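Engineer: Here are the chains, one letter per residue:
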Amino acid sequence: MAAELISERELERDRPVVLLAEDEPLIRFDFAEEIRRLGFQVIEAGNADEAIDVVGSTARLDLVITDVRMPGKRSGMDVARAVRQERPGVLIVVMSGHLVQNSQNEHLMDLFVSKPTPSDELAGAIAEMINAGSAESHE
Amino acid sequence: MERAENAESILVVDGDVIARTVISEYLRHCGFRVIEAGTGEEALQVIRHPKFAIDVVLADVELPGDLSGFGLAQRIRKSELEVKMLLASAGEGVANTAGDLCEEGPHLVKPYDQMLILDHIKRLRAR
Numbered sequence: 001m002a003a004e005l006i007s008e009r010e011l012e013r014d015r016p017v018v019l020l021a022e023d024e025p026l027i028r029f030d031f032a033e034e035i036r037r038l039g040f041q042v043i044e045a046g047n048a049d050e051a052i053d054v055v056g057s058t059a060r061l062d063l064v065i066t067d068v069r070m071p072g073k074r075s076g077m078d079v080a081r082a083v084r085q086e087r088p089g090v091l092i093v094v095m096s097g098h099l100v101q102n103s104q105n106e107h108l109m110d111l112f113v114s115k116p117t118p119s120d121e122l123a124g125a126i127a128e129m130i131n132a133g134s135a136e137s138h139e
Numbered sequence: 140m141e142r143a144e145n146a147e148s149i150l151v152v153d154g155d156v157i158a159r160t161v162i163s164e165y166l167r168h169c170g171f172r173v174i175e176a177g178t179g180e181e182a183l184q185v186i187r188h189p190k191f192a193i194d195v196v197l198a199d200v201e202l203p204g205d206l207s208g209f210g211l212a213q214r215i216r217k218s219e220l221e222v223k224m225l226l227a228s229a230g231e232g233v234a235n236t237a238g239d240l241c242e243e244g245p246h247l248v249k250p251y252d253q254m255l256i257l258d259h260i261k262r263l264r265a266r
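So the protein lines, in turn, are chains U and P.
First residue of the first sequence: 1, per the numbering used here; consecutive thereafter.
First residue of the second sequence: 140, per the numbering used here; consecutive thereafter.
Heads up, a few of these hints could be off.
Claimed, not checked - Here are some of the chain U residues that sit facing chain P, going by a computed Cβ distance under 10 Å:
id, residue
1, GLU12
2, ASP23
3, ARG28
4, VAL42
5, ALA51
6, ALA82
7, HIS107
Don't read these hints as lab results, they were simulated from the structure.
Every value quoted in this text rests on a predicted model; they were computed, and no experiment measured them.
Built from N, CA and C at the ideal position, the CB exists for glycine as well.
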């Protein structure tokens, strides 16, 4: 478990926070840059263990995007389970080139994205989800 | 904050996602283009990729995987790449040894002191 916390001091209160779990650094950078360009804060995780550490320790979290297959013992589906358990209001986007969304796993995701997917399309979908969520919370 | 298109590129290499996120966000806020890596192997992938043109690497000495921060610094030194290196460590003894491997001799002790790191990056850029 990470010893430190990502506190409110280090996050900007008004900007939604997206956790991105992707093991391929070049793909992760492209996705993260595109999402930042839309005004969101992005926390980058390179495997499921890192992502689960962040789920339990960041002061604010609005949406999690996770790849399924990553190095280590835990997968993106473990990340999704941790989010549902620890942060039930947080949106989950699962992306995979292998997994198929089905009745067994659909409760663990709000959106399923097939890889490969262009980074601008992914960022656009995420912006819509976050904006729809914040509009709902203000109704 | 908007980043200038010609901003310097900093690669932050740290296996602790929380520490890496906090220092990376700070450096982005200072106007740098920041790329993150969790292992030495990931860092090498980024450094070798022409798209990134990394100017400065800030790496923890203790990294998960087979390549430590020292190993990464040695690989960079042996390469033709003009990349400046800053090494940091939680142990002061290790940090001093790390200083010997760096251009300017900084020996950064973790947890990261954001202002000190910014100062070191500015000095490396001025060389």
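Engineer: Does each hint hold? Answer for all of them.
Structural biologist: Hints, one by one, checked against the model:
Restraint check, GLU12 of chain U versus chain P: the minimum CB separation of about 9 Å is within 10 Å; hint holds. Look at ASP23 of chain U: its Cβ gets to within about 9 Å of chain P, closer than 10 Å, so that hint holds up. A cut of 10 Å between beta carbons decides the hint on ARG28 of chain U: the least distance to chain P is about 8 Å, and the hint holds. Residue-level restraint check for VAL42 of chain U holds (minimum Cβ-Cβ distance to chain P is 9 Å; threshold 10 Å).
Checking ALA51 of chain U against chain P by beta carbon gives a least distance of about 8 Å; that is within 10 Å, so the hint holds. With a cut of 10 Å, the hint placing ALA82 of chain U at the interface with chain P is violated, because the nearest CB-to-CB distance is about 14 Å. With its C-beta approaching chain P no nearer than about 26 Å, HIS107 of chain U sits outside the 10 Å limit, and its interface hint is violated.
This entry does not satisfy hints 6, 7, going by the numbered hints stated previously.
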